[in-house]
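Participant: As given, the protein sequences belong to chains F and C, one line each in that order.
According to this note's numbering, the first sequence holds residues 27 to 260 in order.
According to this note's numbering, the second sequence holds residues 1471 to 2062 in order.
You may find that some hints are simply not true.
Said to hold, decoys possible - Under the rule of at most 25 Å between Cα atoms (straight-line distance), these lysine to any residue pairs were calculated in the SDA-like manner: (1) F:Lys76 x F:Leu235; (2) F:Lys218 x C:Tyr1493; (3) F:Lys218 x C:Pro1592; (4) F:Lys209 x C:Tyr1493; (5) F:Lys76 x C:Gln1671; (6) F:Lys209 x C:Lys1996; (7) F:Lys218 x C:Arg1587; (8) C:Lys2024 x F:Ser71; (9) F:Lys76 x C:Arg1587; (10) C:Lys1996 x C:Leu1944; (11) F:Lys76 x C:Leu1597; (12) F:Lys218 x C:Phe1591; (13) F:Lys209 x C:Pro1495; (14) F:Lys209 x F:Pro73; (15) C:Lys2024 x F:Ser60.
If you are wondering where the hints come from, they were derived from the structure by calculation, not from laboratory data.
Here the structure is a predicted model, which is why all the values come from computation and not from measurement.
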Amino acid sequence: MSVILIFLAGIAAIITWWMAQQRLTSRPWLEAGSVGDTPRYDVSSIPTAKIGLGVFLAVVGALFTLFISAYFMRMGLQDWWAIPVPGLLWVNTIVLALSSVALQWAKIEAEKHHIEAMRTGLLIGLATAIGFLVGQLFVWRELVSAGYVLADNPANSFFYLITGMHGLHILGGLVALGRTTFKAWHAEQPGKVLLSVELCAMYWHFMLLVWLVLFALFAGWANDFVDICRQLLT
Amino acid sequence: MVNIPSSIDDTVPAAEVEDVELYHPHSWWTTYVFSQDAKVIAIQYSMTALAIGLVALVLSWLMRLQLGFPGYFTFIDAERYYQFITMHGMIMVIYLLTALFLGGFGNYLIPLMLGARDMVFPYANMLSYWLYLLAVLVLVAGFFVPGGPTGAGWTLYPPQAVLSGTPGGQDWGIILMLTSLILFIIGFTMGGLNYVVTVLQGRARGMTLMRMPLTIWGIFTATVMALLAFPALFVASVMMLFDRLLGTSFFMPAIVEMGEQLQHGGGSPILFQHLFWFFGHPEVYIVALPAFGIVSDLISTHARKNIFGYRMMVWAIVIIGALSFIVWAHHMYVSGMNPNFGFFFATTTLIIAVPTAIKVYNWVLTLWRGDIHLTLPMLFALGFIVTFVNGGLTGLFLGNVVVDVPLSDTMFVVAHFHMVMGVAPIMVIFGAIYHWYPKITGRMLNEIMGRIHFWVTFLGAYLIFFPMHYLGLLGAPRRYYELGESAVNPPSAHDLNVFITLMALTVGAAQMLFLFNLIWSLRNGKEAGGNPWRATTLEWQTPTTPPPHGNWGKELPVVYRWAYDYSVPGAPEDFIPQNQPNSNRLSMENAS
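Take the sequences, apply the hints, and build the full model.
Facilitator: Written as structure tokens, this is what we have:
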């Protein structure tokens, strides 16, 4: 469970940093205002939807961190045989990274009011994300036909479970991205969809980050890292 | 809207704050059924939670009948008894308390108390309720499928939860339970995002964080905790569903059942316990923190005095929220662990008593020399303080490893958690309903029925749970279908069980009176007016009662002061609403 505790420590740091700016030591009982001095409007100027997505990503982060926690705890038991990493996973990783880059590009073009370029960026992002999902399905097929079925070994079970959960999150993101692309086609100015594009890009970067961590986990590098940490601690 | 403030320190007149675009319903269906209005969603959440809570109440009656009169009720066999226990626990903790505090009070109070028109993501808010309803329906479906609901205990520990010896283990029961939990968590996440982001972004002008009523602080902190803790239950549920349906071995060790080797092997039941309690302990405070917050406001309002130590109260809420994430293994002392871990978790557990005690002192000091009105909300608030202290004290016993080991799995634990997280939060829920019902419906609840309800519930709860501590010390184990003639069940203990059962039936009957009161007062209650308790917080300052869609009419309120200006010296009345600026009071003081 140490992985989730480290994650929560990070969240706690963010919350503490935020709360430090909220005048928590003020004395509200002494600070009644009169009509003239209108109180400070202390709501953040960041768009509400963006803050909402940020909070949601914290929840998604907690979810995957808990899966990873469980993975490490289960891995310590006797019957664990690591699953091989098919070469196709490298290709998928690159495709997902491309998707992320394309959405970032779409966002930059939208800020510059280049609507055509933005649409192209969104389309590339959409296509590569679908490509990633299809690629993941091929990885599953490859592993199954090589005999690494779900219930055979906990390593296999975790691989299918966690990649499946990641895929579901990409699928959910695709719904939002699809709607954004649709809106982008009907909007005259990029300004109207800029926020949506920005949110999609943010979500995609996060899911790419999650995927890189998961990939490291399955490839076994994360284990080496944990071993090093353990040796340092003991 | 004339203009929009261009910078945060802009000093334009207050009313011209940027307004949100509201969703406006067009038909009866979108107004009352698929509504995106937080107040309607709150009522939907509350009604559903109360309805399913009623099921859990009946289940507790059945369990008590079995314990008090073993053998008389032939339709209660051991399997049924376990199913009743499981469903009673799960419903009460998750589908009643969590849903009612956050989905019910959260939805109703957050926008109103903060001076917002609605939640920030109304559509997700609506989906949240419908997923919750679906989760409840899936849960209830367990009663109607072959094999009945799961009887694994509310903690659902594997491997027994998915074995054929447990009711519902190899039938539909456990599948429906896990599915229902997964749906609940997805739905809750949608609602939870709303509660958190509305507190962050939806506040009216002048409503700084340190001017928020403690109710909002409690709900806000509890929601942040729930958003981070519920994923653990989600992960555990999904993995157990895989074990049950797809034959994986996340939690399932190698097992021989009925002489047959099961296909599972190597899994770790302890892993499940870690995940479950990583959610399960914060869950206690997810229920308790909103109760803490609400009770602070009830006490302050009905004692006509500002809350003692407001800042300390806020900090205590946040600190309790943070600490509750590092105590989970105190539920696992008897599962076997490194003694050093036991020591660590006992220490963190006992440290939580410090901020909690600060809160209790502050409540008592708020009452000290206050102008205490023994209204119904105040009675329940006082009942809460006493009950919470009682339940908390036995928690100090159980937090210690050496005391917990012999007491674990006895009725002592049952008595402890029913006092501290059953009766105590329920007291607050009742107090809160008596307090806010006039705002929701425009009418007061009937006073006489309310007083009968309070005294029967309050005294009855003690008559039920105090003897249970004694039974636990005697060694009577929990979760036993019947004790028979054994050393831990002398005739005196059996008589006590009969007594507890009679009390449980009585307290349950008092709840029927409460439900009747809720319906009866809708038409026959006294007209309440806009602010019957003469309270300061914003929800009592709405132009009309009950508040309409959009809450505030044309102009959003502006907040000039904190929520606890009661009995301010020199003020014309004994309360000053949060949206009233200072000038009147100053001129008054100058004149005198």
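Participant: Next step is simple, just say for each hint if it's right about the structure.
Facilitator: Hints, one by one, checked against the model:
1. F:Lys76 x F:Leu235: Status holds; Cα separation ~18 Å.
2. F:Lys218 x C:Tyr1493: Given pair Lys218 of chain F, Tyr1493 of chain C holds - Cα atoms ~19 Å apart, limit 25 Å.
3. F:Lys218 x C:Pro1592: The hint holds at about 20 Å.
4. F:Lys209 x C:Tyr1493: holds (20 Å)
5. F:Lys76 x C:Gln1671: It holds: about 11 Å lies between the C-alpha atoms, which stays within 25 Å.
6. F:Lys209 x C:Lys1996: The hint is violated at about 52 Å.
7. F:Lys218 x C:Arg1587: holds (24 Å)
8. C:Lys2024 x F:Ser71: Roughly 24 Å separates the two Cα atoms, so the pair holds.
9. F:Lys76 x C:Arg1587: holds (20 Å)
10. C:Lys1996 x C:Leu1944: This hinted pair is violated, its Cα atoms lying about 50 Å apart.
11. F:Lys76 x C:Leu1597: Satisfied, since the Cα-Cα distance of roughly 20 Å is no more than 25 Å.
12. F:Lys218 x C:Phe1591: holds (18 Å)
13. F:Lys209 x C:Pro1495: holds (23 Å)
14. F:Lys209 x F:Pro73: Status holds; Cα separation ~19 Å.
15. C:Lys2024 x F:Ser60: holds (22 Å)
Figure legend: structure checked against the earlier numbered hints; hints not met, in rising order: 6, 10.
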